[in-house]
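Participant: This is what each chain is made of:
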Amino acid sequence: QVHLVESGGGVVQPGRSLRLSCTASGFTFSDFGMHWVRQAPGKGLEWVAVISYDGVTKFYGDSVKGRFTISRDNSKNTLYLQMNSVRADDRAVYYCAKVGSRSSGHYFDHWGQGTLVTVSS
Amino acid sequence: DIQMTQSPSSVSASMGDRVTITCRASQGIGRWLAWYQQRPGKAPNLLIYPASSLQSGVPSRFSGSGSGTDFTLTISSLQPEDFATYYCQQTTSVPFTFGQGTRLEIK
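Sequences listed follow chains C and F, in order. Following the working numbering, the numbering of the first sequence begins with 1 at its first residue and continues without gaps. Following the working numbering, the numbering of the second sequence begins with 1 at its first residue and continues without gaps.
Read the hints as simulated data drawn from the structure, not as lab findings. There could be a bad hint or two in this list.
Under 8 Å between C-beta atoms, here's a sample of chain F residues computed to sit facing chain C [unchecked claim]:
1. W32
2. A34
3. L46
4. P50
5. S52
6. A84
7. Y87
8. Q89
9. T91
10. V94
11. P95
12. F98
Note that the Cβ used here is the ideal one computed from N, Cα and C, for glycine as well.
Bound conformation, chain C alone:
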């Protein structure tokens, strides 16, 4: 059974950094691309970043480009999101999500429960 567990959320001051983690189990982690998706309180879903199964290819949404870095450690079955220069509008629940297939587009067949990032001085 696929299980994704995010951690690392919390309160961060504007301009500071935070690293989120997502620990995966129940599937061969190194076979699948992984994404981060966020949701501001009361708002819709916003795609944040993607990393390929081997960690080589990465893409970012415009709102986080240059500030956030996605990475993975396949030996630890863990996905990361390094958040630098955090802004007030980064406040959201951050979900990690698993790609459903390596060859059929970037859809998400499993999601974590989310971790809340709050930005406050």
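Using the hints, position chain F against chain C.
Facilitator: For chain F alone, coordinates are given in the frame of chain C:
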């Protein structure tokens, strides 16, 4: 970027009603469209992908159709657990944009 526009933004309906939600892409995406359901306080759950293929375990009252730029999600006979927010998402190109969501409420 591909923009995804859902309509309506919210809809009120009664148990047993048939409801249709529309999603329009700003450019053609073939059939590479996903539908998700999100209940309050929970992570989204994949219902349909691509376009019209029901995921395992999803009730048959859910159906999807469309290709190119216009897609629909239909719930044939609303059940209590269907009252939630629904999102479409294009899966073809970065950024993998979502629609703004359709909130389905009990009338």
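Participant: Against each hint, give a clear statement of whether it holds in the structure.
Facilitator: Okay, the hints, checked on the actual structure:
no.	hint	in the structure
1	W32	5 Å, holds
2	A34	4 Å, holds
3	L46	5 Å, holds
4	P50	7 Å, holds
5	S52	13 Å, violated
6	A84	13 Å, violated
7	Y87	6 Å, holds
8	Q89	7 Å, holds
9	T91	3 Å, holds
10	V94	4 Å, holds
11	P95	5 Å, holds
12	F98	4 Å, holds
Violated hints for the displayed structure, listed by number in ascending order: 5, 6.
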